Every structure is written in structure tokens, then in C-alpha cells.
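Number of protein chains: 2
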Amino acid sequence: METVLIKDLAKFVDQEVEIKAWVANFRSSGKIAFWQLRDGSGFAQAILSSTELDETKWQELQKVSLESSVKIIGKVSKHPKKEEYEIQVSDFEFYQIAEEYPIAKKEHGVDFLMDNRHLWLRSSHQWAIMRVRNTLISATYDFFREHNFIKIDSPILTPNACEGTTELFELDYFDTKAYLSQSGQLYLEAAIAAHGRVFDFGPVFRAEKSKTRRHLTEFWMMDAEMAFVDLAENLKVQEDLIRFMVSAVLEKNKAELEILERDIKALENITKPFYKITHVEAVKKLQELGSDIKDGEDLGADDETILTKQYDNPLFVTHYPSKIKAFYMKRDAEDESKALCADLLAPEGYGEIIGGSQREDDYQELLKRIKEHRLPEDAFSWYLDLRKYGSVPHGGFGFGLERIVAWVCGIPHIRETIPFPRTISRLNP
Amino acid sequence: METVLIKDLAKFVDQEVEIKAWVANFRSSGKIAFWQLRDGSGFAQAILSSTELDETKWQELQKVSLESSVKIIGKVSKHPKKEEYEIQVSDFEFYQIAEEYPIAKKEHGVDFLMDNRHLWLRSSHQWAIMRVRNTLISATYDFFREHNFIKIDSPILTPNACEGTTELFELDYFDTKAYLSQSGQLYLEAAIAAHGRVFDFGPVFRAEKSKTRRHLTEFWMMDAEMAFVDLAENLKVQEDLIRFMVSAVLEKNKAELEILERDIKALENITKPFYKITHVEAVKKLQELGSDIKDGEDLGADDETILTKQYDNPLFVTHYPSKIKAFYMKRDAEDESKALCADLLAPEGYGEIIGGSQREDDYQELLKRIKEHRLPEDAFSWYLDLRKYGSVPHGGFGFGLERIVAWVCGIPHIRETIPFPRTISRLNP
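Protein sequence lines correspond, in order, to chains A and B. Its first residue numbered 31, the first sequence is counted upward by one per residue in our numbering. Its first residue numbered 31, the second sequence is counted upward by one per residue in our numbering.
Hints should not be assumed to be uniformly reliable.
One copy or any two copies: either way a pair holds, since identical chains are not told apart in the list.
To be verified - DSS-like, lysine-lysine: derived pairs with alpha carbons at most 27 Å apart:
1. 418 / 101
2. 239 / 207
3. 135 / 37
4. 87 / 418
5. 93 / 302
6. 266 / 101
7. 314 / 355
8. 353 / 401
9. 266 / 37
10. 284 / 315
11. 266 / 41
12. 135 / 418
13. 136 / 306
14. 111 / 284
15. 87 / 324
16. 418 / 136
17. 418 / 93
18. 295 / 112
19. 239 / 282
20. 241 / 111
21. 295 / 239
22. 401 / 314
By construction, these hints were calculated from the structure, which means they are not laboratory data. Predicted model only: the values in this text are computed from it and were never measured.
Excised from the complex, chain A in its bound form:
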């Protein structure tokens, strides 16, 4: 008999199937026992009755414990009212009867759960979050393939501490020093002249000492870079991408969003156009909302929270002051004090999920910025080369996967959005 997955049970109603799974929960009422099975693809209830099973099996099943692993054989039936399936068990076998499982139904502290992350991943909330994360990753690849982007894996080990070392992890690299990458963008800019449109998607690292609900020291970032685009075209791609990703989750993860008690309506808004305001307008609005932000200042995390609670859909904040933005951002020809850039902020208080900009494509201008920012010129000689040999107008953006997962799942803390989170105080398991 071939093993079937719980997610496929609908195809096997009234048939006998074999399922391999873990016992996520169990209860018994005299002559009948109920096991909630979890096989990774979904959940189903197994019904074990003393009239169906012989005495030996009936005795054996009393040994069941939380998280025991089993193979069962039984007939599939549909729950009369819900889209759930049950199995009337005719035979079963334990792979292993689990020892007393440390994660009980009672409330545990976050540190305890994180110490047991290797087990906590099995909990239905965590299961649902990882499934949504998987859909968001998968949708990203689909979108970029559909739009003629080539994946160019940018390096993690980099030779220069380009923008100061305070937030960089440093390591000995044979007889020199190396630094863990914070973004692949500069490398992608090199690749557009070969491939036109490129993206990377991998882990990046920030040795930030900040302990907030939005920070991890290791997280997954996607950078995209495009030749021959202006800021408006760049934002269009971002809007299409985010819309595509959220739609994929709405389509594929209904059950998971239900487990997470996510307000689906809030996600369905994504079909409407995203909001767009300038940094000047955002600051004015924030001041009206009671923030102490000053004109020309960057938005802090709290500002983003206050601001995006006003919106029911993602919001682009464009044209930040160039002096608070990175050296490579092109300036607005109409107002040199502004950068041709935008951050995309998720609604409902979530804040920044994407940062993007037009890149400076003029050699002399770029050299000037590098000097102004007191960056080591020779470390950027290869990057400057790109402006010597067929420079083109170009731009791109990067998203932080975990922040998108947090928003889409509607969870407050980013630490649950990655399988094995790394923070200033956590490197385990």
C-alpha cells in the first residue's frame, strides 16, 4: 500500500490508506481513542476503536504519548461539516513512543521555546509560519523567472568594510580579514551589464547591538537590479512583486492563515494601488500624528509604526534627503538635496519591507560621493569601473524576507519568521 499525504486525503474518501505521521494530540473516551495526526502536509484525526482493533493493539495504543511517530492504516471519511478528514484505523504500528515531550499545552516563556526551537518548529503556529515563508520564497522565484531576471548569487565573504565596521562581522580569511556581506547590491550592479535584470536571495548579516522586535543578526535578503529603468519603473516592479507574493499566500495558505488567525481582508487589499508620498509629506504627517521627528530626519522604527497604522495597504515613501541615504543613490535632477529613492512600508504598523533607489551612473558624480562619504576609493575601483564601461541608467531594490513574513502572517516579532533565529543573545540551537 502506498503512503498518502494528509493533504491529499480528499482524493481517498471511503478508501483504505496508509499514513506515516506524528501524534500531535490524543484523547480517549473508554472504548474509543482519537489521535490528531501531523505528517508535515497537514492534520487529520485518526479514530481507534476497541471494536475495530484486536486486544493486543488496543493495549498497545494505550502507550501513545505526545509526538510519538506512527504508521496507520485505515479508511478515510470526510467530516460531515468541515473540510477535514478522519481515518477509521484498522491497524497501526509505532515507529517510536516518544519520551515526555517538553513543550506542553501550557504557556512557555520565549527563551524556553527558543532553546527548544528544534522542537517548537512542530507547533501548529510555527508550522504555519514556515509554510507561508516557503510560499513567499517560491513566489519570489516564480515572479523573477516570469520577468526575465537571472539569479546571480552575490558573495557573502567580502574584502572591505565599506561603510564602517561597527555593524559588520569580521573574520580571519587565511592571512587577511574578511567581512560578512550586508547586501549583494553592488555585485548585482556589475551583473546587469551581462544579464540586464538580475536578483540574488540569500543570508546577510548585521552585527547590530539593537534588541528590537524587528532585528536579527542573520536574515534573508533579496536584492534585484535592473538596467535601463527609472524610479517609477522600479517601483512598478516592486508593487507587482509584493502583490504577486501576497496573492500566492492567499491562494495557497488559507489553512495556515486561519491557524495564525490572520485578518485575510487586510491582505486582500493588496489588489488596490499602493500609496505613495514623499519624505517631506511623511514627516509633515508624522508631526501631525504627534511624532517628534524633525524636518529632514530619517524615519525611525516608531515613526514607521505610527505612519503605517494610518494605511490599509503598503506605502511608498519617496525622495528622502540624499544626505541621510547611501552614497550610491542618484540625486533628483530637479532638487539635488533629494535622492531618487523609495522605501516600501507595510501597513498595519509593520513598516519597512523594501528599500530601493535609482543608482548614480555617472563616474565623476559617483567618485565625488565616495570621497564625500570618506569611503576607501580603491575598494570601490571595480564598482567605479561599471561607470566607465557602458554605464546605463539603472536601479534596484532589496527586501527583507523576515519582515514580509511577519507582516503577511500578522505576527509581532520577527524572531518567529526564520527557522533558527540569530540575535545578539542567541546563537542556539
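Dock chain B against chain A, hints included.
This is chain B only, laid out in the frame that chain A set:
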């Protein structure tokens, strides 16, 4: 006028289009000039004639240089004999006239090319390799989605130097030490109890001092892990995956394989069943072929080369002696001296592309192995937990992306298979 991609020119024959591209090559014969255009999606020839263009434009085009960036407008026609398209240019504009391009048609040394990797990526060979790499990545995601695997990103920053520190990169992690991951397998084993089948796909790091054509210090690895499989089922998944990946390249990268002068026939063999021999048989065969390998020894890189030159399709070598394999591999119940494992070797001398095995699922046995290997027991307490709480038969495998790219592209050295290679002597650009 909307810009079209060169790859789509077939749809625009006899129509006027706009193309944005780089001049990859150019020549002139009196009243007519030919530019080879590259826009990332493909290559096309632009024909510029003094009868079609006004005098100013005709003078301007004389300034063209290798890698200049241009926008051209012109009518599309098909090459009478080949699947190639030409554009009869009616107007053009330079974005930038490139300075003298350092990579000429003449032969350059590898060090020079690698120093200029940010430009070398534009060369047609390198372009083709990255496109094949992209297809292999994309096919991996498709395959795993199709087969109900969930992506679980394993961490790069890990707390323990589990198997000795000689090949590990170490870094300061706030007030402790961290190590860059060499494989996510152990973490994936934790995730199967939540998701059944999982994979990761990301960079891994080896501080190996070896300078060979098969080694990089940073490379991309895919690990897959499955609950409820035996070794035979595990190998079946590997065979299906590799077949799926190579078929995708044959389907999508005909032009690229031609540029690389790859023997297509050698790749088309992939539809035949893969070969399978035991380690004992492999050693015997190698001894016959003149290798000095001794019974019970591991296959060296040279052995893999000699052996796989005998085969026209990938070859599984199974049942290595358990004492030369990792502690977590389950032993063969019929012969405890053998591990339930297999390496998959690519033909034509390429050698190992996949390593996989059944994992030890018994707590006491695993604990014994950890002690035998003198590994720090407390570092593995979470890994041992997986055998306490619903242990199941399981196995998995990992592939090295760059080795697969090298084989599929038919190139001898792995350093060209990754955008920005890192080796013992290279951390730049």
C-alpha cells in the same frame, strides 16, 4: 515605443523596435557598420548604413567603442539561414561611450580575468555559464515544490565547531565564538518532524587550504531531508532531481550550451537509469584501472576522475565503510562495517556532485557514535532530542551547485561556475 528584449525579436520581424543594449563587438566596411548587441537576454546584429542615417549620426557612430551602451531603433529581419535576427538601424543614441575596455579578444591570464570578474561576467562564455546556473537553480525549486518539500533555511552562524575547527571559519559573535556553516543537514533533520520533507539552498563555507579545480571556500549547497524514506527511495529522489535539472537545461539553454561547445549527447544520456555500484566494487574497479587505492579507503578526487571517465551517465557509489563516513550515517544492518550511504558521481571525469545517506534514528546508537567520534555531547543534545521525541526512519542528501554547473557546462574548473569566486587566494572583487 516600448523596448523589446533581443530574445523576443522573432515576434517582431518586419516591425520597428527599440532595443537598449551594449556593443559587444563592432566592425565597419566603408558605408556600412555592424554592431553586435548584447542586452542580457541574447545577442543580435545591428546594421547601420550611411544611406539610412543622417550625416551627424553617421559621424557620431564612428565613436563607438567596445561595451558602449546604446539605445537603437530599427526594423527587425531574420538571418536567411540561421535562427538569428538583425536590426536595420534608423536611429540610435549612446548612453555612454565606453573607455578602452580592458578585456580584449586576446588571451588573458586567469588572474587578470578574475581581478576583472565584474567585467569578465559579460563575456559570452561567462554569460552562458551563469544562465545555465540560473536554470539549474530554478529547476531545483520547481522540483522540490512539485514533490511537496518545504524550504527551511538553515542557519549560517552556528555555535559549535562540531567536527574540528581546521576547515571552519571562526568569528567573534558578540562575547562568544561562532562558526560559518558547512551544511544545514542537522537542522533539516529537526524540521522533518514539522514538515515531512524539507530542503535548504544557500552558501556554505570551508576554510580548506586545498587549491584544486574542485574547491571553493564559499559555495552553494542544497540539502534535502525526508521523513519515512529508506536509502533506495532517497536515491530515487536524487536521480529524478538530477534528471529534471539537466532536462531543464537541455530545454532552456540550447544557445548557451552551443556557446560553451558542450557535447549535448553526453547530457541527453540522463534519461537512462543511473549506474549503481558498491564501494567495494568501485575500489576493485579502480585497482584494475591502475589506482593505488587500498581496500576500505575513501575515493580521492583522482580516483573519482578515473572511475567516472568509464561511465556515460551518473554513477552511485553505495555502502562506503562506515569508519570513513560521518557519525550520523546509519549502518547497514546486514553488515555493520558499511554505512547506508551513497555518493553520486557525475560522468566524464567530473566526480562527486551529491552525498547522501540514511541517518541514524536510534538514540542509543547515535549517542555511541558521537562518543566514538569524540564529539562534544552537549553540543549535540538538541540533535539527540530528535531521537527521543518521535524518531522516524529518515534520510537525505546534499548537492554542490557549482560542481553540477561545471559538469553540465562541461568546463574543467569550478571557479567559473559562481559569479564571484572565493578561494584560498582570492577574496576580490
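Under a CA distance limit of 27 Å, which applies to residue 135 and residue 37: within one copy, between copies, both, or neither?
Intra 25 Å, inter 57 Å, cutoff 27 Å: intra-copy only.
Alpha-carbon proximity context of residue 239 and residue 207, limit 27 Å:
both (21 Å within a copy, 16 Å between copies)
Same-copy or cross-copy closeness of residue 401 to residue 314 [CA-CA at most 27 Å]:
neither (32 Å within a copy, 65 Å between copies)
Is it within, between, both or neither when you check residue 241 against residue 111 at 27 Å Cα-Cα?
Intra 46 Å, inter 65 Å, cutoff 27 Å: neither.
With 27 Å as the alpha-carbon cut-off, assign the pair residue 135 and residue 418 to within, between, both or neither.
between (63 Å within a copy, 19 Å between copies)
Can you give me the call for residue 87 and residue 324, within, between, both or neither, at a CA distance of at most 27 Å?
neither (72 Å within a copy, 51 Å between copies)
Have a look at residue 418 and residue 101 and pick one of within, between, both or neither, based on CA distance no larger than 27 Å.
between (65 Å within a copy, 17 Å between copies)
How would you classify residue 353 and residue 401 at a CA-CA limit of 27 Å: within, between, both, or neither?
within (14 Å within a copy, 58 Å between copies)
For residue 93 vs residue 302, is the C-alpha pair at or below 27 Å within one copy, between two copies, both, or neither?
neither (54 Å within a copy, 48 Å between copies)
As a check of your reading, is residue 314 near residue 355 (CA-CA no more than 27 Å) within one copy, between copies, both or neither?
within (19 Å within a copy, 64 Å between copies)
Given a CA cutoff of 27 Å, do residue 87 and residue 418 count as a within-copy pair, a between-copy pair, both, or neither?
between (77 Å within a copy, 22 Å between copies)
First find the shortest C-alpha distance between residue 418 and residue 136 inside one copy, then the shortest across copies, and answer within, between, both or neither for a cut-off of 27 Å.
between (63 Å within a copy, 21 Å between copies)
In this structure, the earlier hints numbered 5, 10, 13, 15, 19, 20, 21, 22 are contradicted, and the remaining ones agree with it.
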